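Spelled out, the chains give:
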Amino acid sequence: MTEERSAVVVRDIRKSYGELKAVDGVSFTVAEGEFFGILGPNGAGKTTTLEIVEGLRKPDSGEVRLLGESPWPRNVKLLPRIGVQLQATSFFDKLTAKEQLQTFGSLYGVSHGTAADMLELVGLADKANEQENKLSGGQRQRLSIACALVHDPDIVFLDEPTAALDPQARRNLWDVLRAIQERGKTIVYTTHYLDEAEILCDRVAIMDTGRILALDPPAVLVRGLDAPTHVTLQKGVLSVVDASALEGVDEAHEDEVSLTLSTRRPAPVLSALAERGALDGLQVRTATLEDVFLNLTGREYRA
Amino acid sequence: MNAFKTLSVAMLKGFLRDKVTLFFTFLFPLMFLVIFGLILRDVGADKTRIAVVGDGPIVSALRDSGALELEPYNDESSAVQKVKDGDLPAALIVRGQQLDVRFAQSDQVKSATVLGIINGFVDKANLAATGQPPTFTFAAEKVEDASLKPIQYLTPGILSWGVAVSAVFGSALTLVSWRRKQVLRRIRLAPVSTGSVLSSRILVSAGVALVQGVTFIGIASLPVFGLKLSGQWWLAIPLLLLGTVAFFALGMLVGAFAKTEEAASAAANIVVLPMAFLSGTFFPVDQAPAWLQTVSKIFPLRHMNDGMLDVLVRGKGIEALAMPAAILVGFSLVVGFVASRVFKWEE
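For the record, the sequence lines run as chains Y and V. Going by full-length UniProt numbering, the first residue of the first sequence is number 1, and it counts up by one from there. Going by full-length UniProt numbering, the first residue of the second sequence is number 1, and it counts up by one from there.
These aren't lab readings, by the way, just hints derived from the structure by calculation. All values derive from a computational prediction rather than experimental measurement. Every residue gets a Cβ at the ideal spot worked out from N, C-alpha and C, and that includes glycine. Fair warning: there could be bad hints in the mix.
As the list claims (entries may be wrong) - Residues from chain Y that face chain V, not an exhaustive set, calculated with beta carbons under 7 Å:
1. Leu67
2. Ser70
3. Trp72
4. Val76
5. Thr89
6. Ser90
7. Asp93
8. Thr103
With the sequences and hints as input, model every part of the structure.
Below, the structure is given as structure tokens:
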């Protein structure tokens, strides 16, 4: 990946608040059209990193280039090309969903018609005339994303867009995020949901205590772990002894409802089970980014 | 779409849809205007009424002068009964050339006033009867003095105060809430100048101030309150605008320090309330002790008040604007500069 084609280039940025090293030497590049996730627990330095990249904060050292330009100090030429979603309450008082979009759009010289398109994109067309404070949390979150997109930017920054949403609202939002990527936008987003990053992102950077611990496509990260795959079956379809004897099974154990086999070679195990017709209640769970995080930090992931 | 125009419209809509703000901008000051206007309506307004029996040149002269209000009675006994009952301070009984005054002892000040006035008219008539030119002469002329009727000083005072309150609170609360909700950050990330954001908010405040002016003056002019505007009342418009800018700057300063809307609201009150009391919003400041008058000169509201009184009810011309305008502009520049120095985009 050459840097000319990169939407975002970050080189060794650092930022300290007194003794606290909020960002401690972070580097990454994001290609045009890529969906890039920065994930990690609260206090990992995700938001500070994002704010430096957006040009809201000056790094103590290091360099940021967005579309070849420096975002700091405030770069008016660059601003129309980036869209930043802030927290779900960053709205003007007492305006309807449509008016919010029109007002934010006007800051960029965008025509009022765009507001309707944006509401359509985020699935709020029927809420156009609702005041912002009457919307649900998920709807507000979607509106704030629409506000970030209203001027058709090339790069979109989203800071924890799915935080504090119920599962249904999160899934609705995933559809919105995918639709944005389909429009050819580069998306940089932070999250503390590992499962979500795994589903949405082309690549993820895992951050903790101001550093990037790993940076790769989620599947590569997970594969690199060499963690066992867990195959779960209904209790009783196979005895623990028989299960342990199957080729490729490292370990088998049983609880009140199910039998779980650990394996690093799931293919022969699954075919052996199929041969025996012992597939009732089959579930296969591979390692997730949570396991990657656990492996990288030596501690359990807590969002 | 022009950012300045859309922002102004957005802020105006936000203002009009916020019932609490509307209340404190219009109804709250109007409540003071109505309550004080009604309570103080009759203070010093009435002339002294006396009973009169009979008629003659002196009674006509008295009636024409308007110095006393005369209540005619047909017979002496009923007129005197009025005085005895305490309804009227005195009764004037005319019997040809002889004038008798029967007065109540209870209110000696009023009685003395009545006696003095009648005596003066009798003396004048006597002198005229001798045909001699008077040795001493005196001429009396009405002066629109500092002691105005209550509604005349209440209206400019409460209007200035209302404008100050809405400008200070409007700018301080907008600034704090935008900072807290990260709207400021959002604006900073858009290719729009701070100037257009600031000026659109000031435009809304200025528009609100003009509507306040029209509403308050309109209501005070109703017959029940009886405000009488003097000739060049429209000179109040530049004062309203300058006052808005000055108090807007003050609100920006308050908003730069306050972290929450509640703190901003409390701080704005601490700034505005004492200023309102000491600047003659609710009573004419020239009735206050001299030291207080001196102290009150440090407040921009005092000067705005003075200017408002001069052009709205004292009939002064454009020259009366010079001092208040200069002070308001100076205040805006100094406070605005300090506010821009301590301004923070982020919490």
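Can Val76 of chain Y be said to touch chain V, with a Cβ gap under 7 Å? 5 Å, holds
Interface hint status, Ser90 of chain Y versus chain V (Cβ within 7 Å): With a minimum Cβ separation of about 4 Å from chain V (threshold 7 Å), the hint on Ser90 of chain Y holds.
Given a cut of 7 Å on the nearest C-beta pair, is the interface hint for Leu67 of chain Y held or broken against chain V? Leu67 of chain Y check fails; min Cβ-Cβ to chain V is 15 Å, beyond 7 Å.
Chain V contact restraint for Trp72 of chain Y - C-beta distance below 7 Å: Violated, because the Cβ-Cβ distance from Trp72 of chain Y to chain V comes to roughly 12 Å (cut-off 7 Å).
So, Thr89 of chain Y near chain V? Judge it on the closest CB pair being under 7 Å. 5 Å, holds
Do the numbers back the hint for Asp93 of chain Y, that is, is its least Cβ distance to chain V under 7 Å? 4 Å, holds
Close enough to count: is the Cβ of Thr103 of chain Y nearer than 7 Å to one in chain V? Constraint on Thr103 of chain Y satisfied, holds at 4 Å.
Does the closest beta carbon of chain V sit nearer than 7 Å to the beta carbon of Ser70 of chain Y? Violated. Min distance 15 Å.
Hints 1, 2 and 3 from the earlier list are contradicted by this structure; the remaining hints agree with it.
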